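Could you slot chain Z onto chain B? The hints should help.
2 protein chains.
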Amino acid sequence: MLRLYDSRMSGNAWKVRILLNQLGQPYERITLDLAKGEQLTPQFQQLNRFCRVPVLQLDDGRTVVESGAILLHLAEGSRYLPDDPWLRSQVTGWLSFEQGDLQKPLALCRVYHLKGITEQMAAQIEQFHNEGYLALARLEQWLVQHTWLVGDHYTVADLGLFAYVSLASQGGFDMHRFTAIGQWLERVKNQPGWVELLPAG
Amino acid sequence: MLRLYDSRMSGNAWKVRILLNQLGQPYERITLDLAKGEQLTPQFQQLNRFCRVPVLQLDDGRTVVESGAILLHLAEGSRYLPDDPWLRSQVTGWLSFEQGDLQKPLALCRVYHLKGITEQMAAQIEQFHNEGYLALARLEQWLVQHTWLVGDHYTVADLGLFAYVSLASQGGFDMHRFTAIGQWLERVKNQPGWVELLPAG
Numbered sequence: 001m002l003r004l005y006d007s008r009m010s011g012n013a014w015k016v017r018i019l020l021n022q023l024g025q026p027y028e029r030i031t032l033d034l035a036k037g038e039q040l041t042p043q044f045q046q047l048n049r050f051c052r053v054p055v056l057q058l059d060d061g062r063t064v065v066e067s068g069a070i071l072l073h074l075a076e077g078s079r080y081l082p083d084d085p086w087l088r089s090q091v092t093g094w095l096s097f098e099q100g101d102l103q104k105p106l107a108l109c110r111v112y113h114l115k116g117i118t119e120q121m122a123a124q125i126e127q128f129h130n131e132g133y134l135a136l137a138r139l140e141q142w143l144v145q146h147t148w149l150v151g152d153h154y155t156v157a158d159l160g161l162f163a164y165v166s167l168a169s170q171g172g173f174d175m176h177r178f179t180a181i182g183q184w185l186e187r188v189k190n191q192p193g194w195v196e197l198l199p200a201g
Numbered sequence: 001m002l003r004l005y006d007s008r009m010s011g012n013a014w015k016v017r018i019l020l021n022q023l024g025q026p027y028e029r030i031t032l033d034l035a036k037g038e039q040l041t042p043q044f045q046q047l048n049r050f051c052r053v054p055v056l057q058l059d060d061g062r063t064v065v066e067s068g069a070i071l072l073h074l075a076e077g078s079r080y081l082p083d084d085p086w087l088r089s090q091v092t093g094w095l096s097f098e099q100g101d102l103q104k105p106l107a108l109c110r111v112y113h114l115k116g117i118t119e120q121m122a123a124q125i126e127q128f129h130n131e132g133y134l135a136l137a138r139l140e141q142w143l144v145q146h147t148w149l150v151g152d153h154y155t156v157a158d159l160g161l162f163a164y165v166s167l168a169s170q171g172g173f174d175m176h177r178f179t180a181i182g183q184w185l186e187r188v189k190n191q192p193g194w195v196e197l198l199p200a201g
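Chains as they are written, first to last, in full-length UniProt numbering: chain B, 1 to 201; chain Z, 1 to 201.
For the record, the hints were derived by calculation from the structure and aren't laboratory data.
Just so it is clear, the structure is predicted and the values come from calculations on it, not from any experiment.
In this text, a Cβ means the ideal position worked out from N, Cα and C, and glycines have one as well.
Heads up, a few of these hints could be off.
Computed beta-carbon distance windows for the label pairs [as the list claims (entries may be wrong)]:
| no. | chain 1 | residue 1 | chain 2 | residue 2 | range |
| --- | --- | --- | --- | --- | --- |
| 1 | B | GLN141 | Z | ILE117 | 28 to 34 Å |
| 2 | Z | ALA122 | B | GLU38 | 33 to 39 Å |
| 3 | B | TRP194 | Z | HIS146 | 34 to 40 Å |
| 4 | B | GLN141 | Z | GLN127 | 27 to 33 Å |
| 5 | B | ARG177 | Z | ALA122 | 29 to 35 Å |
| 6 | B | TRP86 | Z | THR147 | 31 to 37 Å |
Next up, chain B with everything else stripped away, as it sits in the complex (with noise of 0.2 Å):
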């Protein structure tokens, strides 16, 4: 059975557990504290070299790493993932835009607020706000022009940018800002299949 190693509050490892579901695929699930530093061991190192959540295990032992690079994965032949060339490299090219330019103003910020430590990342917050609302803005542009951010219908594009824009105000964004993408973010999370993140536990 497939096996996921994830973390309550990572929206990376939630982007997963909604494509397993997505996808009738059952797993077993390995939840870490990384408030305890479980990322970190040399036994997890061994499944990840980048010290990090969520990671795929298949049958055979061998690991998957990378959201977007688990979804890619998970998703080869399902309605989720096209099989036009050109389809699929608007696909990684959302996804890339996702962790290059989305991922970590949109999560560190809310780890910032989560954490209660805003008043002395107040520097570093204002900048990523700055990137985030950058991102955001040019989401909101292509998403008052499209339903999906591929072709016509829902792919894992849609749900690898969804899981920390749907997070963005824990971060201090404003996203009353943004209609589109408000929009575009209940479409997601009524396609069949959607689930929750986790409860902090």
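Leaving out everything else, chain Z in the frame of chain B:
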């Protein structure tokens, strides 16, 4: 004919020029002057919603954006991208790590040095050096034990990480700390069809 929109200094565009040459693929090159904001015009935004280079334009006018997505698209069916699904997932995992962890700290420190604004940007450079050294250490650890990033030969994963890592010293990174990375950079440069970065011009 394929058309590549690039810039002289972009490491992301350099990757694509190397691969096009390695594939023996003829293309037309349109080199933008980013200092003049040529990537911010409405016309260029029609080609790339993210307003940056590289952009690959296909014969029919459609575009592929984001360097990792362009590499994967061009390499399809070639020796530079494995067919095996798991090996392919490792390629996309490394390309995701590059965009999420390596590219920004390495590229922006290089920009600050090239523009001669390291004093004003000292705090930002310190933070980027911390991030960049951590990512470089993960890469070094892998390369101490492996010749290539994925499988037993050169792939677009190597090419994807090569560009900004090979330019990191221009951003003040002390690359003498990373012996295995240095040897791997030489192996990549020695691949048939490899080409130099464009001169500053």
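Hints, one by one, checked against the model:
| no. | hint | in the structure |
| --- | --- | --- |
| 1 | GLN141(B) <-> ILE117(Z): 28 to 34 Å | 30 Å, holds |
| 2 | ALA122(Z) <-> GLU38(B): 33 to 39 Å | 35 Å, holds |
| 3 | TRP194(B) <-> HIS146(Z): 34 to 40 Å | 38 Å, holds |
| 4 | GLN141(B) <-> GLN127(Z): 27 to 33 Å | 29 Å, holds |
| 5 | ARG177(B) <-> ALA122(Z): 29 to 35 Å | 32 Å, holds |
| 6 | TRP86(B) <-> THR147(Z): 31 to 37 Å | 33 Å, holds |
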